[in-house]
Amino acid sequence: MKNQLDKLVALQDLDLMLQELKEVEALGFDVKSEGSDTLKNARSEMISKIPKPLLGNYERLRKRYKRAIVPIKDDKCLGCFMKLPTYLLTHMQRDEQVITCEGCGRILYWLM
Amino acid sequence: MAIDDLITYFREDIFFEDFIADTKEEALDKLVEKFVDAGIIKNKELVAEMLHRRESIGSTGIGKGIAVPHGRTTAAPVLTIAFAKVNAGLDWDSLDGKPVHLIFVVIAPPFEESNLYLPVLGRLVEFLSKESNRNRLNDVTSFDEFRELLTE
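Here the protein sequences come in this chain order: A and B.
Going by our numbering, the residue at position 28 of the first sequence is 54; the numbering climbs one at a time, nothing skipped.
Going by our numbering, the residue at position 36 of the second sequence is 317; the numbering climbs one at a time, nothing skipped.
Simulated from the structure, these hints should not be mistaken for lab results.
The model shown is predicted, which means the values in this text are computed figures rather than measured ones.
Heads up, a few of these hints could be off.
What the hints assert, rightly or not - One side of the interface only, derived from the structure: several residues of chain A facing chain B at Cβ under 8 Å:
| no. | residue |
| --- | --- |
| 1 | L40 |
| 2 | M43 |
| 3 | I73 |
| 4 | I95 |
| 5 | D100 |
| 6 | K102 |
A virtual CB, placed ideally from N, CA and C, is assigned to each residue, including glycine.
All chains, full assembly: derive it from the sequences and hints.
This is the structure in structure tokens:
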């Protein structure tokens with residue numbers, strides 16, 4: 027993973043997979059009995075690579091909003107739909123840093 | 282968008298009637314690359330990681346020559362399905378141990394307006410459970426034929 031944001035996104039993807047394991051299994055897909063533990067182990071490994079303040083923010087946001095990281099579409103945060111200031115968007119594209127929405131605090135992800 | 286409208290989630294630029302790969306891992310990586318080439322996703326690494334991780338907890342080879350690798354990822358803007366036909370067959374650690382000839386890669390964002398990911402996945406599995414549909418998919422040679430089959 028090239029940056030902290032990618033690691034956080036991978037963590038959110040992993041959390042989603044954990045949440046939907048039973049639903050996917052109910053559709054007839056193979057999920058090994060140790061599948062949940064495998065994902066939990068992968069999660070532990072993943073969080074060990076993320077700085078504690080960032081991880082703490084992710085967990086707080088996840089508890090509050092269910093999805094801590096949301097995409098940007100048409101220059102808007104898709105969590106609260108607030109239009110994001112130009113300076114924030116420019117900064118984000120340039121540095122690929124972890125940027126949060128000034129309206130809701132969610133972590134922003136640029137899709138394209 | 283109706284769940285029954287499966288075809289709306291497919292695109293001609295990620296439809297491959299003669300896809301070649303030597304391993305399951307290679308097939309996944311190559312297909313993720315196709316999503317990038319089609320401009321659907323930008324972050325190949327994140328999507329590939331999610332799909333490989335999904336395989337690590339159980340094969341998405343559902344038997345009868347079909348594999349449906351799938352998952353939600355923050356890196357996906359919309360629910361999209363790629364189709365690849367592997368005429369030579371490919372080992373996918375499938376439930377029945379048979380090689381895979383038809384691959385459907387389903388990727389979806391963490392949340393959609395209508396939350397169709399699981400219903401669409403279920404509808405696809407239901408469609409593929411019919412032998413006549415599988416046989417016809419194996420004979421498909423163009424996206425138009427594919428569209429016709431899915432919209433009947």
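When the hints from earlier in the document are held up against this structure, which numbers fail?
3, 5 and 6
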